[in-house]
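Colleague: Combine the two chains into a complex, taking the hints into account.
Residue numbers (this note's numbering), protein chains in the order written: chain A, 1 to 300; chain B, 1 to 91.
I should point out that these hints are in silico values taken from the structure, not numbers from a laboratory. For glycine and all other residues, C-beta sits at the position ideal for the given N, C-alpha and C. Treat the hints with caution; some may be incorrect.
Label-pair ranges, simulated between beta-carbon atoms [as the list claims (entries may be wrong)]:
1) A:Thr-118 - B:Pro-59: 18 to 24 Å
2) A:Ala-101 - B:Ser-50: 16 to 22 Å
3) A:Arg-77 - B:Ser-50: 19 to 25 Å
4) B:Asp-38 - A:Lys-224: 18 to 24 Å
According to the in silico footprint, chain A covers these stretches of chain B (three or more CB under 8 Å from chain A) [as the list claims (entries may be wrong)]:
5) 34-45
6) 67-75
7) 78-86
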Amino acid sequence: MLDRESTFAHPQIVSLLKTKFVPVALDQAYQRRQKDAEGDYYRKLAGQGPRGDFRGTTQGFYVGTAGGKLLFYNNNRDPEKLLRLMQQSLKQFADLKATEADVAAIDPGKSDVQYNPTPPEGGLVVRVRAKVLSGYEATEDRWQKIFQNAISRDNLWVSVDEHQALCQGNVPRSLQMRIAKYHLVDNTRGEPPMWRDAEVRDVSMKLEDGLLTGQAHLETADGKRGFQVALRGHVVCKSDSIVRLDVIAKGEYWGEGQYTRNAPPGKFPLAVSFTLADGTDVADRIPPQGSRGWVRGYLR
Amino acid sequence: MSGVACIDWFRKSRVTLGLFGCMLLSVAGTVHAEVSEDEFQHLHQLLAPSADTVWRSIPWKVELLAAQEIAARRQLPIFIWAMDGHPLGCT
Chain A
1 MLDRESTFAH
11 PQIVSLLKTK
21 FVPVALDQAY
31 QRRQKDAEGD
41 YYRKLAGQGP
51 RGDFRGTTQG
61 FYVGTAGGKL
71 LFYNNNRDPE
81 KLLRLMQQSL
91 KQFADLKATE
101 ADVAAIDPGK
111 SDVQYNPTPP
121 EGGLVVRVRA
131 KVLSGYEATE
141 DRWQKIFQNA
151 ISRDNLWVSV
161 DEHQALCQGN
171 VPRSLQMRIA
181 KYHLVDNTRG
191 EPPMWRDAEV
201 RDVSMKLEDG
211 LLTGQAHLET
221 ADGKRGFQVA
231 LRGHVVCKSD
241 SIVRLDVIAK
251 GEYWGEGQYT
261 RNAPPGKFPL
271 AVSFTLADGT
281 DVADRIPPQG
291 SRGWVRGYLR
Chain B
1 MSGVACIDWF
11 RKSRVTLGLF
21 GCMLLSVAGT
31 VHAEVSEDEF
41 QHLHQLLAPS
51 ADTVWRSIPW
61 KVELLAAQEI
71 AARRQLPIFI
81 WAMDGHPLGC
91 T
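Okay, chain B solo, but in the shape it has when bound (with noise of 0.2 Å):
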């Protein structure tokens, strides 16, 4: 029922259970669809981190003097990708 409809049918009944029932009715439209199983079960496979995913090879430290300690040793240079937010994470 629209929300014209709705005073219409208020106007005509002139039963204060009409409008009760028109607040029911707009507080029922703004909930959402539940989630189905089968839905859950499809999106949760969607939103997995693909195996092949380049970036992710990369073995990333987070801990810049672990990378220092390593880098120290294994003679060789620090790579450091610094970004507002973490860059692994945050977006």
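Looking at chain A on its own, in the form it has when it is part of the complex (with noise of 0.2 Å):
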């Protein structure tokens, strides 16, 4: 979150990554882990730099080569230390380019498809946002304003199953429970805690005539994070395919996660959004977050 708004919206470090790189964006959890040819480009790359041990986090900005050399390593927010590296890394490269003329394309093989999970055949892919209305107290501090006024991204998957269901009128329980459960949460601050199922004390949703109305009730057993919500939407079907998928979920929010802190104090205005994709946003292709490391689990 941070780095999109402040990092990669430096003209200079936009510019270059435009026309002097390739740039390649990536969850580190999935890569550092699959046993395939992608994985071990990664870990030849990230391997040379000081975050070499794969049984923990290798987050950071790389850059390398084709060929798999790392030309640099950085961990830090600032836009300009970045810059800097990135430039020296041009002039390395450049040195670097008649070793790196020969190098092929590598052949991607057989995907590790537990790290490579797709969306579900004939089900859908609706993008899903949310922003914190209001609540927040005054800051001047740079970071906290960027994410009081943060968009969050996620992806809901859709079964083929429920796809027909909702043409045939109906919010199979299935489609309502993964809504609640990984999708109704505030990821405006970082990576959120998700609903457990007890955690869901209410949730129901109608269809009639195209017109999706709603509520959910989800809270913790001691009662320091919850939310309470209301969902309003439209779903339209043409020939057995959902066209338009539009719905707003808004309601009260209040409490905080781990990776979640300084939330607006007591309850505050959470709304999430949730709009067909169709394909043209590169994020389009980015599995849920709920569904990381259990794909099965997120889906049923």
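Modeller: This is the structure:
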């Protein structure tokens, strides 16, 4: 979140990424574990940096060559420092060009399916965004301002059976629970805690003449974190396929998670939007955060 | 009606129906207000991504070997943004 609005909003960094580099964004928790050619290539590059123990996180910024030589690793959020490193790496790369000239593309071979999940065949990908609407205390802190204005992004996967049920005017229980547990969350300041089954105190959604309405009450056992929310949206099906799905969930959220500190005090309004993905955004291809490590569990 | 007023009412009326009514009011109190159509339209627009978001203008790849293939073909270095959780999603 912070990198998007600071490092990758820096005009010179953005210009270099567009013209002098091939930029790639990864969830390193997948790449460092993958037992396939992609995993091998990632470990070859990252292993030359200080985070070569692949049992732990390897997050950060890397610049490397197609041949697998690491030019730099950095995990500092200072855009000016990153810019300097990028410029230095371009000089290093120029010196290496002769040795890189004959490097071939790596054959991907068979992908490790555990770390290359794909959306359910015949199902749907829905873009999910969330925003805290108000309630923050005023701040002059640059990073907190970014969090306070953030709109998050995740994807909801819908199975083929659920897709068909929606077209028949039903919102299956499995879909209601998935939306509640994994997507009615405050992920605007970092990776959020998802809801456990027992924390879904109530969820109900219905679809009548294309109008989806519903509500949910999510709350931890100790009451320290919760969300009471209403939903409204429009779902249009044509020729057995959903062609429009736009839903808004809005309610009062309270509390925070280990990685979502500095929430507004008390209860605050949070809105979550759901919009059918059309594949035009590269982020449409990213697995849902709630599916990390257990796609079957996410889709059950 | 507050909880205290409700109990007072029950004590005074001594009618079982009074308690039932209190329970109904209590349950109704947890139901969140509906989202109106105007509010839906407003929030749908508010949460849509802005066209001028700079980081989204970067031509990110999400497959490392696809990036490696381009880097080899075009003789460019690869810039990897590797995070816990996908940097383009997750949060």
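Colleague: Please go over all the hints and tell whether each is borne out by the structure.
Modeller: Hints, verified against the model:
no. : hint                             : in the structure
1   : A:Thr-118 - B:Pro-59: 18 to 24 Å : holds, 22 Å
2   : A:Ala-101 - B:Ser-50: 16 to 22 Å : violated, 41 Å
3   : A:Arg-77 - B:Ser-50: 19 to 25 Å  : holds, 22 Å
4   : B:Asp-38 - A:Lys-224: 18 to 24 Å : violated, 33 Å
5   : 34-45                            : holds (count 8)
6   : 67-75                            : holds (count 9)
7   : 78-86                            : holds (count 9)
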